[in-house]
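*Asks:* If you want the building blocks of each chain, they are given just below.
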Amino acid sequence: MIAKPRLCLGIAVLLAALLAVAGAGPALGHGKEKHGEPPAEAVGAPEVVEPSSEGGAAEPFPIDISGAFALVDHTGRSVTDADFRGGYMLVFFGYTQCDSICPVGLKRMAEAVDLLGEPGERVRPILITVDPKNDTPEALAAHLPTVHPRLVGLTGKPEAVEAAMKSYKVNAKLMGQSWKGTPVISHGSYIYLIGPDGALLSILPPVLSSEAMAGIIARYLTQS
Amino acid sequence: MRQVTRLLAAGLLLAGLSLPAAAATPERVQVTGEVIDTWCYITDIMFGEGSTHHQCALWCAVGGIPVGVLGDDGEVYMVLKVGDDTTNVANPAILEIQTHRVSVDGDLYERDGIKYLLIDQVVNDEGIVNVNHDDFGIQPFGE
Numbered sequence: 000m001i002a003k004p005r006l007c008l009g010i011a012v013l014l015a016a017l018l019a020v021a022g023a024g025p026a027l028g029h030g031k032e033k034h035g036e037p038p039a040e041a042v043g044a045p046e047v048v049e050p051s052s053e054g055g056a057a058e059p060f061p062i063d064i065s066g067a068f069a070l071v072d073h074t075g076r077s078v079t080d081a082d083f084r085g086g087y088m089l090v091f092f093g094y095t096q097c098d099s100i101c102p103v104g105l106k107r108m109a110e111a112v113d114l115l116g117e118p119g120e121r122v123r124p125i126l127i128t129v130d131p132k133n134d135t136p137e138a139l140a141a142h143l144p145t146v147h148p149r150l151v152g153l154t155g156k157p158e159a160v161e162a163a164m165k166s167y168k169v170n171a172k173l174m175g176q177s178w179k180g181t182p183v184i185s186h187g188s189y190i191y192l193i194g195p196d197g198a199l200l201s202i203l204p205p206v207l208s209s210e211a212m213a214g215i216i217a218r219y220l221t222q223s
Numbered sequence: 000m001r002q003v004t005r006l007l008a009a010g011l012l013l014a015g016l017s018l019p020a021a022a023a024t025p026e027r028v029q030v031t032g033e034v035i036d037t038w039c040y041i042t043d044i045m046f047g048e049g050s051t052h053h054q055c056a057l058w059c060a061v062g063g064i065p066v067g068v069l070g071d072d073g074e075v076y077m078v079l080k081v082g083d084d085t086t087n088v089a090n091p092a093i094l095e096i097q098t099h100r101v102s103v104d105g106d107l108y109e110r111d112g113i114k115y116l117l118i119d120q121v122v123n124d125e126g127i128v129n130v131n132h133d134d135f136g137i138q139p140f141g142e
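As they're listed, the protein sequences go chains A and B. Going by numbering that gives the first Met the number 0, the first residue of the first sequence is number 0, and it counts up by one from there. Going by numbering that gives the first Met the number 0, the first residue of the second sequence is number 0, and it counts up by one from there.
No wet-lab data here; the hints were simulated from the structure. All figures in this text were calculated on a predicted structure; none of them were measured in a lab. Idealized CB from N, CA, C, for every residue including glycine. Please note that a few of the clues may not be correct.
Unchecked claim - If you only want the chain A side, here are some residues facing chain B, beta carbon under 7 Å, derived:
no.: 1; residue: Gln176
no.: 2; residue: His186
no.: 3; residue: Ser188
no.: 4; residue: Pro204
Unchecked claim - Sample of chain A residues with no beta-carbon within 10 Å of chain B, all distances over it, derived:
no.: 5; residue: Ser65
no.: 6; residue: Gly66
no.: 7; residue: Lys179
no.: 8; residue: Gly187
Next up, chain A with everything else stripped away, as it sits in the complex:
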């Protein structure tokens, strides 16, 4: 039987602990035969997952996501999605004070970019905040280097952030405060791969391992 901790912590702290312990996971799919015991991939040595040939990378992702935004980056510069044309974007929505999915989603996104090596320099990891009140350009600038040196942070007026979320079909809702007084925001956590022409190429579940993410992204890089 699984150990049953009795200590009652907040949801955010619980998630942070769970996600930190989880490490990297395998790719989606079947073949799972056993649960409830520490799997090898949860404690290290994640598999290198070869991306599938299904789906046709040459085709745009058939879901209506425009990916448009007009925001301010972590240096205070006004930017739009058009400023990133010519390269690939990996877009994650989150916030710097998030203790749940953000640290893991961002970490995996950053590791995936690094796993790509030199070709990965064409991929720009981007965090669009869902907490513009607290995530000022200065706050983003202080946080981003702890994740990845090339991570771009985007914020803006609430209505501008709302518009960006809408263009990616991302929802966010303030659920309350943590014991530290920081906001706990429920938000979408998929990672969006945007191509050099601004088209949505793929939507990566943050539950994928960094290796699986990198494998999928590599496929698009090699085809362009």
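Start from chain A and add chain B according to the hints.
*Replies:* Chain B alone, transformed into the frame defined by chain A:
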């Protein structure tokens, strides 16, 4: 470094494949299975199925972790939306059927080996039928 080499090798291999014509239109499907929290199920961090994991699955769904349907075919279908909603973040429709065994109608897209499901409607909801907390306890905090 070896991982990178293997990764790039895989990418180069795939670049040489002739890809099938991608379905620009979705496949209409009906999927039957259990609504799951994809994080705990896929990472295997804990037993991520049935009544033992229901409480955690609710929290993870509220936290924005993608919800999926573990089909009877063993595949994980990533849910992108349910009904008229544009997202599944804290979607009441999702929370109401978390851990339930359901049959859903929707559009299936496959991309990069991942199955994405846009659910139109839940056509059958059997409730939580995978009652396993006597075997595994209530995760993660216990009863």
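*Asks:* Decide, hint by hint, whether the structure agrees.
*Replies:* For each hint, the structure was consulted:
For Gln176(A), the interface hint is violated, since its Cβ never comes within 7 Å of a Cβ in chain B; the closest pair sits about 15 Å apart. Of the supplied interface hints, the one on His186(A) holds, with its beta-carbon coming within about 5 Å of a beta-carbon of chain B, less than 7 Å. Of the supplied interface hints, the one on Ser188(A) holds, with its beta-carbon coming within about 5 Å of a beta-carbon of chain B, less than 7 Å. Annotation: Pro204(A) was flagged as interfacial toward chain B, and the flag holds, the nearest CB pair being 5 Å apart, inside 7 Å.
A cut-off of 10 Å between C-beta atoms confirms that Ser65(A) is not in contact with chain B; the least separation is 13 Å. With 10 Å as the threshold on Cβ separation, the claim that Gly66(A) sits away from chain B holds: the shortest Cβ distance comes to roughly 14 Å. Non-interface status of Lys179(A) relative to chain B is upheld: no Cβ of that chain comes within 10 Å, the nearest being about 17 Å off. The Cβ of Gly187(A) sits about 5 Å from the closest Cβ of chain B, inside the 10 Å cut-off, so the non-interface label is violated.
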